[in-house]
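For reference, the chains in residue letters:
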Amino acid sequence: MAGLFAIPNITGRAWMVWYRNLVVFARTWKVNFFPPLVEAILYLFAIGLGIGSYVQQIEGIPYVNFIAPAILAISVMNSAFFECTYGSYVRMYYQKSFDAMIATPLSIEDVIAGELLWGATRSLIYVLIMLPVLAAFGVISLPLALLAIPVAFLGGLMFAGIAMCFTAVTPGIETLNYPAFLFITPMMLFSGTFFPLTLMPVLLQYIALAVLPLTHLVSIMRMLTLPALSWTILLNVVWIVAVAAVFCLLSINLMRRRLIV
Amino acid sequence: MPDTIEAADLRKTYGETVAVDGIRFSVKKGEIFGFLGPNGAGKTTTMKMITCVSPRTSGTLTVLGMDPELDPAAIKQHLGVVPQETNLDPDFTCFGNLYYYALYFDIQKDEAARRADRLLAFVQLTEKRDVPVEKLSGGMKRRLILARALVNNPDLIILDEPTIGLDPQARHLIWEKLRSLQAQGNTIVMTTHYLDEAARLCDRLVIMDNGKILVEGTPDELVKKYAGHEIVEVEASDDVAACLAGLHVPFEKTGDMIQVAATTDEARKIARTVLDRCQPGRIITRPATLEDVFLKLTGRTLRE
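Line by line, the protein sequences are chains A and B. Per the working numbering, the very first residue in the first sequence carries number 1022; after that it's consecutive. Per the working numbering, the very first residue in the second sequence carries number 26; after that it's consecutive.
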């Protein structure tokens, strides 16, 4: 057990792994920039304007403004989670990239740390692309909403760590569908995203706050974009920092256990 | 000066399975050292311990004077590794594979680009510089992997089956490159299944089986000691076998041939006697090879 939370010896070389992924991402930027752009617009129209024309207001807030921060938070979750599950698994298992990398001065700890940093960076990039779209529709309030950018990195790191734990223990790429459908999809719906948490029974609210990381990210994003700051944002931030630290650490140790035999 | 690699009582177990069972060997600076053995003999596991990617279970191991357990990054900085599996980065071109790999060694970008181009020329892939690696043939991929192993100007090059699945032209090119690397002062350690390759390239080699080293020596020494100088091969039949037994000539039956190991002079005598007295089908005499040693020591049973 102790070994699973051992502090790994990570060096600055982890950034070379991050850089490699950034270069590949940037080279196919047209393909990569499109999804967050389209996603933001689709959500706004379908849910914001469609459902929003019936709902109109939630807790005194226009419905589109209510869901705009959720769109950002979901995008943070999806981009980091899918990058560090399917993306990392493909690089690890099919491309044998990790094997090639650890033949250099890079250690497996450096490689996984670089992958986690990259997952978080991808979240950041997606939010960076979505923010102007949301601002153009006038559904977020600048300049406070710009803080969503560093929050995206932090939230991305948390989902990257959680994702990498699944990648470290999955027997094959198909079994990664389980966390995607059983964890990510419900989380997308029940984390105070498209309706407030307070509509759910109290017990479920507590469960959501305890085990659905997205609730905390949605809460922070919403406070920043409406804006509606409250001291409780600190609790959300601390929760995310703690969970990110635990899962990043765990994922690195699990990955070492899987790959170094 | 210590040898480039020194191993004593080196052991590696995976649960109950013993992959490497207390081996001792040393690799001297500037030599080409070979590991031969059937599948599952422990060659690849030994390579993984040397290249600091698999920790040893027990025993001592020093590579370039350092312990893989304590200074893996420092050792790997001076190591060139050609793995058995092709693990080039499919997201990059030939140039990109060398360039980005060089960055992992903390090599500056302009120097990395220079080395990438120089190495593409070295393995004759300059015209494929900007081609994605999936478009390469098997032989080109192996050459690119060899080039990639050289981006850090290594002192020690470890090759696990460097010519597996290559056509004769590509194999000869790789051999030529390995010899020129040795001439530049590199130390090379390789595993191979191709015994002619080992005989041509290796200054010294070991034959492993079941995790143990069976023999060690130069290819010539091993052939002379374990297989004799010449092999007389006679088409097998019960009459010939009975006849040889009657003449008190020790022989070995392998499939449809009967083999007699002999010195050069004896071989002619034996061949003549067999021709005169045993009414053989086909009969040939040929020089003994490393393959004879290998099969003699490790048997003819299939391993997998």
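Hints are computed from structural coordinates only; laboratory data are not their basis. Any given hint might turn out to be false.
Unchecked claim - If the Cβ cut is set under 8 Å, some of the chain B residues that face chain A in the computed set are:
#	residue
1	Pro108
2	Asn112
3	Cys303
Please read all numbers here as calculations on a predicted model, not as lab measurements. Backbone N, C-alpha and C fix where the C-beta goes; we use that ideal spot for every residue, glycine too.
Quick rundown of the hints versus the structure:
| no. | hint | verdict |
| --- | --- | --- |
| 1 | Pro108 | holds (7 Å) |
| 2 | Asn112 | holds (3 Å) |
| 3 | Cys303 | violated (55 Å) |
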